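Enquirer: I would like the entire structure built from these sequences, with the hints used as guidance.
So the sequence lines, in the order shown, correspond to chains A and B. Read in order, the letters of the first sequence are residues 1 to 312 in this note's numbering. Read in order, the letters of the second sequence are residues 1 to 391 in this note's numbering.
Just so you know, the hints here were simulated from the structure itself, not pulled from any lab data. Only a predicted model underlies this, so the values are computations on that prediction, with no experimental measurement involved. There's no promise every hint is true.
[To be verified] Restraint-style ranges between C-beta atoms, simulated for each label pair:
no.: 1; chain 1: A; residue 1: 21; chain 2: B; residue 2: 184; range: 24 to 32 Å
no.: 2; chain 1: A; residue 1: 186; chain 2: B; residue 2: 221; range: 37 to 45 Å
no.: 3; chain 1: B; residue 1: 45; chain 2: A; residue 2: 169; range: 54 to 62 Å
no.: 4; chain 1: A; residue 1: 21; chain 2: B; residue 2: 229; range: 32 to 40 Å
no.: 5; chain 1: A; residue 1: 21; chain 2: B; residue 2: 244; range: 44 to 52 Å
no.: 6; chain 1: B; residue 1: 38; chain 2: A; residue 2: 305; range: 28 to 36 Å
no.: 7; chain 1: B; residue 1: 55; chain 2: A; residue 2: 182; range: 51 to 59 Å
no.: 8; chain 1: A; residue 1: 65; chain 2: B; residue 2: 176; range: 54 to 62 Å
no.: 9; chain 1: A; residue 1: 46; chain 2: B; residue 2: 38; range: 47 to 55 Å
Cβ coordinates follow ideal geometry from the N, Cα and C atoms, glycine included.
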Amino acid sequence: MSSDLTNVFAAKMLPKRELFSPGHRACQGCAPALAMRYMLKALGPDTIICNSTGCIEIISSSYPESAWGVPWIHVAFENSAAVASGVEAGLKAMMRKGRIPQRKITVLAQAGDGGSMDIGLQAISGALERGHDMIYMCYDNEAYMNTGIQRSSGTPWGAATTTSPAGTQSSGQNTWKKSLAEIAVAHHIPYVATACVSYPFDFMEKLKKAAAVNGPALIHVFAPCPTGWRCASDIAIRLGRLAVQTAAFPLYEVVDGKFRITQNVPHLKPLKLYLGPQGRYNHLTDDQIEYLQGELRRRYGLLVAKAEASQE
Amino acid sequence: MGTRKGMEVSIGIAEAVMMADVDVIPAYPITPQTHIVEHLSELVADGHLDAEFVPVESEHSAMSCCCGSVAAGARTFTATSSQGLALMHEILFIASGMRLPMVMAVANRSLSAPISIWNDHGDVMAARDTGWMQIFVENGQEAYDHMMWAFRVSEDHDVLLPIMVNFDGFILSHVVEPIEVWSPEEVKQFLPPYKPPYRLDVDKPWTFGAVGIPDIYLETRMAHNEALIDSQKVMEKAWDEMAEVVGRKYSVLENYKTDDADIVFLTMGGISETCMTAVDQMRDEGKKVGVIRLRMWRPFPFAEVAKELGGRKVVLAVDRALSTGGCGGPVASEIKAALYPLDKRPQVVEFIAGLGGRDVTIGDFKEMYDKGAAVAAGGAVPPYEMVGVRA
Numbered sequence: 001m002s003s004d005l006t007n008v009f010a011a012k013m014l015p016k017r018e019l020f021s022p023g024h025r026a027c028q029g030c031a032p033a034l035a036m037r038y039m040l041k042a043l044g045p046d047t048i049i050c051n052s053t054g055c056i057e058i059i060s061s062s063y064p065e066s067a068w069g070v071p072w073i074h075v076a077f078e079n080s081a082a083v084a085s086g087v088e089a090g091l092k093a094m095m096r097k098g099r100i101p102q103r104k105i106t107v108l109a110q111a112g113d114g115g116s117m118d119i120g121l122q123a124i125s126g127a128l129e130r131g132h133d134m135i136y137m138c139y140d141n142e143a144y145m146n147t148g149i150q151r152s153s154g155t156p157w158g159a160a161t162t163t164s165p166a167g168t169q170s171s172g173q174n175t176w177k178k179s180l181a182e183i184a185v186a187h188h189i190p191y192v193a194t195a196c197v198s199y200p201f202d203f204m205e206k207l208k209k210a211a212a213v214n215g216p217a218l219i220h221v222f223a224p225c226p227t228g229w230r231c232a233s234d235i236a237i238r239l240g241r242l243a244v245q246t247a248a249f250p251l252y253e254v255v256d257g258k259f260r261i262t263q264n265v266p267h268l269k270p271l272k273l274y275l276g277p278q279g280r281y282n283h284l285t286d287d288q289i290e291y292l293q294g295e296l297r298r299r300y301g302l303l304v305a306k307a308e309a310s311q312e
Numbered sequence: 001m002g003t004r005k006g007m008e009v010s011i012g013i014a015e016a017v018m019m020a021d022v023d024v025i026p027a028y029p030i031t032p033q034t035h036i037v038e039h040l041s042e043l044v045a046d047g048h049l050d051a052e053f054v055p056v057e058s059e060h061s062a063m064s065c066c067c068g069s070v071a072a073g074a075r076t077f078t079a080t081s082s083q084g085l086a087l088m089h090e091i092l093f094i095a096s097g098m099r100l101p102m103v104m105a106v107a108n109r110s111l112s113a114p115i116s117i118w119n120d121h122g123d124v125m126a127a128r129d130t131g132w133m134q135i136f137v138e139n140g141q142e143a144y145d146h147m148m149w150a151f152r153v154s155e156d157h158d159v160l161l162p163i164m165v166n167f168d169g170f171i172l173s174h175v176v177e178p179i180e181v182w183s184p185e186e187v188k189q190f191l192p193p194y195k196p197p198y199r200l201d202v203d204k205p206w207t208f209g210a211v212g213i214p215d216i217y218l219e220t221r222m223a224h225n226e227a228l229i230d231s232q233k234v235m236e237k238a239w240d241e242m243a244e245v246v247g248r249k250y251s252v253l254e255n256y257k258t259d260d261a262d263i264v265f266l267t268m269g270g271i272s273e274t275c276m277t278a279v280d281q282m283r284d285e286g287k288k289v290g291v292i293r294l295r296m297w298r299p300f301p302f303a304e305v306a307k308e309l310g311g312r313k314v315v316l317a318v319d320r321a322l323s324t325g326g327c328g329g330p331v332a333s334e335i336k337a338a339l340y341p342l343d344k345r346p347q348v349v350e351f352i353a354g355l356g357g358r359d360v361t362i363g364d365f366k367e368m369y370d371k372g373a374a375v376a377a378g379g380a381v382p383p384y385e386m387v388g389v390r391a
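Expert: Quick look at the structure:
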């Protein structure tokens, strides 16, 4: 990784131009929409977006309006990685054959957690394995929010959704959140990172690194959804920060297989601080919160160990 | 005049795709289409074709990848069969709805279950209403010629729709035939490079695949339908010009010994060749019989079908697919729809033949003729018959 990519960002150094324009139809306090804004500030106008069906697609592209200041294509739900494969291959062939000028263009495919971890996983795996020079970005709001807050394999343990409700026989989602970044790492691609909208400069730096590598990169960006998480619309950023500080969503990057924690949290905060403001966790007992906190911390310990081992 | 070479039809198709100078080939193996993409990967590996060969992980991703590469502005080809076409199904509608021109060779094969790798038209009939142009070819030469033709029609700015070139799996795909290959000059004369009116261009950003609210969806579908119907004119013009370049003339439907025929077969695909041989033999026996081979399936040539069949006594409609629990044969169903408005309609006797690779012989056609002759003589029209089915 060249050193000029690891510059520290500052708000005033960011481009003023909004390539994801305001006036779209996202809910109040939508963090995924913010992720789009940051993403295009980092990647700039020479970017092509391949979008899966989902919240971002639906809120940004209602004909005859479009929020996108860059070329943008939506084909279907489960296939943005495959569509991006085609865009990348098409540009490569046409540049090589002199049909269009040689130029660095970033191709980014994206979907939500359901479009990535459930229905789109095969297409992502295929695109990563084939080595296309593209970025795959999952904006993770931890359920199928567009269709009405149904559980996905990105929904965390204990969260209540409309298809994993809390009830007398259930404590909400009873399975573990899928580790998309770890799945990407298993494809031996040059760059994988987790990110969070609450850490915008970390997120944008990772996008720039992802665009700079020759080959596939995957970014899993955590993006709170006040509507789906049953919380106030002005606390998405605070929740994102707490998710990182409680190890519910640690931030790290994996460069050529080497792990590095990018937001060290030497003293993890109590998980209750993160869960408390969210209605989706209202039903959890203290024992259940304790259990969840223990498991998240155990996993964070494993991540720290991997990062330490990567330095050796 | 190009050179004549003996080659497997699948290889011929791949060679024609190379001549068309495609940019991207998303490919997934499925029998009996596989030889096409295998040979294309060889042509790329040996430097004969400068293209991106994308070995995708499924047909769903193959069609998705095609959408991406066409939207980027690249000439794109893929091939599939049967279950592969079924797996693409969702994206077929999107490729045509987004008006993305591309060419797909479909080596027609029956659908599971029971699993069968052998030929019928069940796969493409399930994709009938996907909004693609769909044509059928009968032999290796037709398959080869129609690759260049398909790119030309699909990419025409008055069309901008994807096209399926259907040919019978194994019966045609794996047969070695003499094929007259085009010279580079002939290709250059007939097929201009693809110039997309819109593409994913960072200097001119377009939004592709936007949400169609009820205010606009209907108009979009209407425009798509009109473009598909109007594609016939572009097809005909391209056939005319292809005849000027390589001397072979094709059309939406082709007649064989029909001038004085009271009874005509209506066939589609490779089965037509067997039918023509049967017609020759029956003509020797003094029977006034001919065959009309349907080449263009979507859009459906209602006017031409009505014109050609309207004056006959009996039409023997031979389908290679079954609309299960429905009308019987999908081709016969369209034929009847084309004939219904006429004052003087022929009787239509329907046959479903050759499902799952069951052979359809000259003898079978002769028996079909006898049943049609009985109707022509005043007999009742029988319900559709599954030819050769064991009791």
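Enquirer: Next, verify each hint and record whether it holds.
Expert: Hint check:
no. : hint                      : verdict
1   : A:21 / B:184: 24 to 32 Å  : violated (48 Å)
2   : A:186 / B:221: 37 to 45 Å : holds (43 Å)
3   : B:45 / A:169: 54 to 62 Å  : holds (58 Å)
4   : A:21 / B:229: 32 to 40 Å  : holds (38 Å)
5   : A:21 / B:244: 44 to 52 Å  : holds (51 Å)
6   : B:38 / A:305: 28 to 36 Å  : violated (46 Å)
7   : B:55 / A:182: 51 to 59 Å  : violated (25 Å)
8   : A:65 / B:176: 54 to 62 Å  : holds (56 Å)
9   : A:46 / B:38: 47 to 55 Å   : violated (36 Å)
Taken one by one, the earlier hints fail for this structure at numbers 1, 6, 7, 9, listed in ascending order.
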